Amino acid sequence: MSAIAMDAATLWWVLGTALTFLGLGVMLAAPALLRKLLAFNVMGSGVFLVLLALRPRGPDGVADPIAQALVLTGIVIAIASTALGLMLARRYHLATGRDSLPEDAPEGTDD
Amino acid sequence: MFLDALSTLLFVLATVFFCAGTIGLLRLPDTLCRIHALTKADNLGLGFAALALIIQAESLAAAGQIILIWLLALVASATAGYRVARRCVPVDPPP
Amino acid sequence: MNAVDALLALVLLALAVACLWAKTARTGSLLFITFGLLLALAWVRLGAIDVALAEAAIGAGIAGALLLDAARQFEHSPAGQNSARAPSPWPPSLLMLFLAAVLLYALSTIQPLAGDATLAVSAALESSEIAHPVTAVLLVFRAYDTLLEIAVLLVAVLAAQAAPSAIRASPKYDPALAAVVGWMVPIAVLVAVYLLWAGSSRTGGAFQAAAVLAGAILLARFSGQWPDADRLWQHAGVRVFGLVTFIVVGLSGAFTAGAVLGYPAGWTGGLVLGIEAALMLSIAASLLALFGWKER
Amino acid sequence: MNTVYTLFALVLVVNLGVGLLRVLRGPSDADRLLAGQLFASTGVALLLTLSAAGSLPSLRDIALVFALLGLLVVLAFVHEGDAIEGSDDVS
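Chains as they are written, first to last, in my numbering: chain A, 1 to 111; chain B, 1 to 95; chain C, 1 to 296; chain D, 1 to 91.
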């Protein structure tokens with residue numbers, strides 16, 4: 001694939017790293033709350049990919065059961081916190097009509 | 001041996017329909033037209049692939065599950081096409 | 001098959017970028033759903049079939065419905081223009097690049113080895129009386145974690161309910177949709193029970209089953225079917241049932257098996273299945289509660 | 001048979017890659033949704049093929065979930081009735 005001899009696991013943890021920091025960057029920089037939540041989820045997926053790809057596979061090609069259990073737990077927690085975040089963002093929007101926090105709002109777009 | 005050849009043939013047919021579906025999705029001019037690509041070409045492709053895999057299935061239960069999946073996909077995409085089309089077309093049909 | 005992996009990874013990366021820089025909240029949500037769909041395929045390629053099943057049900061199904069539901073509200077708001085502003089790039093992205101490079105370097109020096117814990121799992125699998133290793137880890141070896149996870153889910157639900165929920169219009173009746181959903185929902189419920197049962201011997205389990213179950217109820221809800229059954233799900237008792245069952249069985253393990261969250265020999269399979277069934281109902285009800293749905 | 005499975009899987013992933021153009025380009029969200037549905041049915045075919053190739057019966061369960069919950073996203077998308085939207089909004 002490239003200069004580094006890339007096996008399948010390497011491919012996935014490289015992708016995982018890319019997704020993690022894409023997500024983190026957008027989560028920090030984006031003003032809109034919903035975009036922050038999307039970024040949070042992308043970041044989470046990236047972390048899960050790194051976590052799983054780093055574990056060696058079992059003899060039958062099945063991924064490590066402990067890593068799988070951790071990621072499963074993580075997915076459920078991620079959806080719970082996303083739902084909570086969405087709920088807060090919606091209530092905030094209903095109350096103020098904004099979709100981003102005032103200190104994050106870019107100049108001139110905040111009415 | 002004959003069954004393998006039959007499966008391969010069905011896979012080739014599935015390839016044709018899947019590619020047609022994807023090309024349709026890209027090339028057709030508007031949303032309503034593009035629904036065709038989803039509901040017709042792609043489901044035929046999936047149907048041929050399912051048929052090819054049923055021939056190779058290791059048990060009756062596996063074959064049954066593949067058929068169920070195909071039926072569900074058919075119904076789901078037909079309904080999806082209908083709902084999306086309703087959204088694109090302004091007039092309600094006469095009661 | 002490496003070409004399949006590489007292509008899949010590229011598509012995932014493109015989707016993630018498009019999702020994060022999407023013009024509107026709704027476009028972003030749609031792209032995220034597609035991302036989740038393909039991520040499930042990536043999990044399959046990684047051999048993590050349990051995770052793939054959960055991602056297909058939760059990531060692409062439930063999360064998609066949640067996000068689209070929320071995005072609609074932001075779409076119609078006058079301030080919705082704010083989200084059109086893509087994140088302003090430079091200083092953080094340089095930092096991100098630097099951190100990514102550091103992490104990549106660190107990861108490249110790690111030699112993947114089967115750790116002691118992994119070896120312990122495969123050694124102890126025989127005595128745990130559960131054939132599927134992931135289920136054994138979740139409910140036998142790491143039962144504390146799962147117990148607390150359910151508690152966290154309940155806390156999230158409680159917090160979400162502290163904010164009064166938005167009121168939605170009940171959907172218009174559509175005969176064609178009602179007919180389709182009318183036979184799809186029973187199949188989905190059946191699939192949920194099947195996944196729960198499958199979890200004791202192969203891929204499946206409470207989380208995946210719960211997500212499918214919640215999906216089934218949402219299907220019914222979006223088409224305006226079975227409102228009475230839907231109301232039953234909103235009862236708080238359903239949400240805590242799983243946690244209570246888990247705690248009761250866990251505590252009784254102190255007397256019957258000599259350890260809290262232990263299972264008496266010979267009973268593990270049945271008890272775990274019972275706990276998982278209770279958890280399935282509660283997780284599904286909690287996921288539904290997180291939608292904050294209240295009909296007009 | 002395994003070569004055939006591999007080739008077909010590759011064809012499907014290439015289809016996903018090409019279909020990505022429609023997802024990215026839109027122009028309307030309805031188009032993205034349709035492309036996403038196309039991804040779902042391609043994904044079902046891919047899962048069934050991989051299940052046969054690797055003798056992994058569990059992959060069929062995932063395909064089943066894909067087929068069941070794909071409709072959920074569509075219904076969430078169109079849920080609030082029949083707003084006019086689609087072919088006319090060009091970005």
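Quick caveat, the hints were computed from the structure, so don't treat them as lab data.
The model shown is predicted, which means the values in this text are computed figures rather than measured ones.
Don't take every hint at face value.
To list a few chain B residues with every Cβ distance to chain C over 12 Å, as calculated [unchecked claim]:
1. Asp30
2. Ile54
3. Ala63
4. Leu72
Listed next, the stretches of chain C that the computed footprint assigns to chain A, with coverage defined by at least 3 CB atoms under 8 Å from CB atoms of chain A [claimed, not checked]:
5. 245-257
6. 261-269
Heads up, the beta-carbon is just placed ideally off N, CA and C, and yes, glycines get one too.
Verification of the hints:
Against chain C, the non-interface label of B:Asp30 holds: every CB pair exceeds 12 Å, the least being about 18 Å. At roughly 19 Å, the least C-beta separation between B:Ile54 and chain C is larger than 12 Å, which holds for a residue marked as non-interface. Distance check on B:Ala63: its Cβ is at least 17 Å (rounded) from any Cβ of chain C, clearing the 12 Å threshold; non-interface status holds. Not every CB of chain C is more than 12 Å from the CB of B:Leu72 (nearest about 7 Å), against its label as outside the interface.
Restraint check on the stretch 245-257 of chain C versus chain A: 0 residues with Cβ-Cβ distances below 8 Å, three needed, restraint violated. For the stretch 261-269 of chain C, the stated coverage by chain A is violated: 0 residues have a C-beta nearer than 8 Å to a C-beta of that chain, whereas at least 3 were required.
Against the hints set out earlier in the document, violations occur for numbers 4, 5 and 6.
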